[in-house]
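These are the residues of each chain, in order.
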Amino acid sequence: MSVVAEPAHEPAHDAEPEAELEARFQSVIARKDRIEPRDWMPDAYRRTLVRQVAQHAHSEIIGMQPEGSWISRAPSLRRKAILLAKVQDEAGHGLYLYSAAETLGVSRQELTEMLISGRQKYSSIFNYPTLSYADMGTIGWLVDGAAICNQVPLCRTSFGPYGRAMIRICKEESFHQRQGYELLATMMRGTDEQRAMVQESVDRFWWPSLMMFGPPDDASPNTAQSMAWGVKTHTNDELRQRFVDMTVPQAAALGVTLPDPDLVWNEQRGAHDFGQPDWDELWAVVKGNGPCNAQRVAHRKRAWDDGAWVREAALAFANGPGTGSDFGTGTGTGTGTGTDNDGTETA
Amino acid sequence: MTGQISGEWPLYEVFVRGKRGLNHVHVGSLHAPDDQLALRHARDVYTRRNEGVSIWVVRSSAITASSPDEKDPLFAPSGDKVYRHPTFYDIPADVPHM
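Note that the protein sequences, when read in sequence, are chains A and B.
Residue 2 is where the first sequence starts when you use my numbering, and the numbers rise one by one after that.
Residue 6 is where the second sequence starts when you use my numbering, and the numbers rise one by one after that.
Bear in mind the hints are in silico, worked out from the structure with no lab data behind them.
You may find that some hints are simply not true.
Unchecked claim - Lysine-lysine pairs mimicking DSS-like chemistry, simulated, CA-CA at most 25 Å apart:
no.: 1; chain 1: B; residue 1: 24; chain 2: A; residue 2: 172
no.: 2; chain 1: B; residue 1: 24; chain 2: A; residue 2: 33
no.: 3; chain 1: A; residue 1: 81; chain 2: A; residue 2: 172
no.: 4; chain 1: B; residue 1: 86; chain 2: A; residue 2: 81
no.: 5; chain 1: B; residue 1: 86; chain 2: A; residue 2: 172
no.: 6; chain 1: A; residue 1: 172; chain 2: A; residue 2: 302
no.: 7; chain 1: A; residue 1: 302; chain 2: A; residue 2: 288
no.: 8; chain 1: A; residue 1: 33; chain 2: A; residue 2: 172
no.: 9; chain 1: A; residue 1: 33; chain 2: A; residue 2: 302
Only chain A is shown next, with the shape it has when bound in the complex (with noise of 0.2 Å):
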């Protein structure tokens, strides 16, 4: 932006407007307050809440595979119901993100296949594998749990429609952490032979559990920017450090030990210290060579083919004869009389 004062003829006329718009967006982020869908926004703050929101939107609907892959193999109708319970939730909170998403001008297609073609990213949690039915515990308790601290303050992100979402997906969330953990705690009860599989699962997701909130402060170019335009509201690592904080004790209480020999409670911070993940691996993963990144994109690309004909066939019907198309026009701008279609209500 110049700062030099431009006569006021036509070149000026045109930068005055934005200038204002910037001032009035900027004023509504400096008052804490939304940016609503039709409010003026920057370029790069649209682009970057659309592949926030979509990379969000996306995670969810990866992250119904490796618990997808479960729901035949449930030990009982009880946790069979609960876990199908679960995936629908993921799905659901997936549909909610995709449609926070195209408030931004980017349609549903679009985005489907962006995460296809692997030109937008999804949490890299999903990578990972799923061995054992403890792992159904795990997720809901470590990999949920810190997708709840990561979404509560995301509640009061900038971007209005982003925000509803988080309200909504954090009110459902809170049954997946806490049937994961009640998983684990009957696990824990019983056998000796089922209490090694819990720690053997927690040993296998709590460093990329980690990982989830993304890497150090001072290798994440973005968080600046995303602060102050108040699409994030904390650091990767003050979300890291509360996780570890919440962890800790229920860690304890289940009986579990967290596998880093670093966490220790540090009483001038009042806050536990603890290990780095293997940044490189988090690297890695993101860039496509962790153990799934294949197989979960194949599946999503399969699932998004083998449904095209389902797509199609519903437009065909809903463009149909006799389904009332002879008023599917005119509705839009709403600039004309109106009153050719009056008379149409019987209510």
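Could you slot chain B onto chain A? The hints should help.
For chain B alone, kept in the frame of chain A given last:
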């Protein structure tokens, strides 16, 4: 009256966003001859005391609604799924932050 407008004006449903960050919420309905006037009337009828920052109006005829008569079959599937609620799970009182 000259009878220029035959019959009733169409019915519109009105949704108001109380403030930024909140959902639009249905507040009522009104009759108007077209979309623009529906908006104008909605402002006058429903937001005379700063009740909102944004209004949506939509023709009532454009809304597809479940009817009260369908209540049972429509919502029955969620009726017996108590395990969808966090309170279904017993967590010991000494486990914090859950």
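Given the hint that residue 86 (chain B) pairs with residue 172 (chain A), does the C-alpha gap stay at or below 25 Å? Distance ~16 Å between residue 86 (chain B) and residue 172 (chain A) Cα, so the pair holds.
For residue 24 (chain B) and residue 33 (chain A), compute the direct alpha-carbon distance and say whether it is at most 25 Å. holds (12 Å)
Is the straight-line distance between the alpha-carbon of residue 33 (chain A) and that of residue 172 (chain A) 25 Å or less? holds (23 Å)
For residue 302 (chain A) and residue 288 (chain A), compute the direct alpha-carbon distance and say whether it is at most 25 Å. Given that 25 Å is the threshold and the Cα spacing comes to 18 Å, the pair holds.
What's the verdict on residue 172 (chain A) and residue 302 (chain A), does the C-alpha distance respect the 25 Å limit or exceed it? violated (30 Å)
Need the status of pair residue 24 (chain B), residue 172 (chain A): alpha-carbon distance at most 25 Å? holds (22 Å)
With a cut-off of 25 Å on the C-alpha distance, tell me whether residue 33 (chain A) and residue 302 (chain A) pass. violated (39 Å)
Given the hint that residue 86 (chain B) pairs with residue 81 (chain A), test it: the Cα-Cα distance must not exceed 25 Å. Distance ~12 Å between residue 86 (chain B) and residue 81 (chain A) Cα, so the pair holds.
Starting from residue 81 (chain A), check that the Cα of residue 172 (chain A) is at most 25 Å away, please. With a Cα-Cα distance of about 22 Å, the restraint between residue 81 (chain A) and residue 172 (chain A) holds, given a limit of 25 Å.
In summary, the numbered hints that this structure violates are 6, 9.
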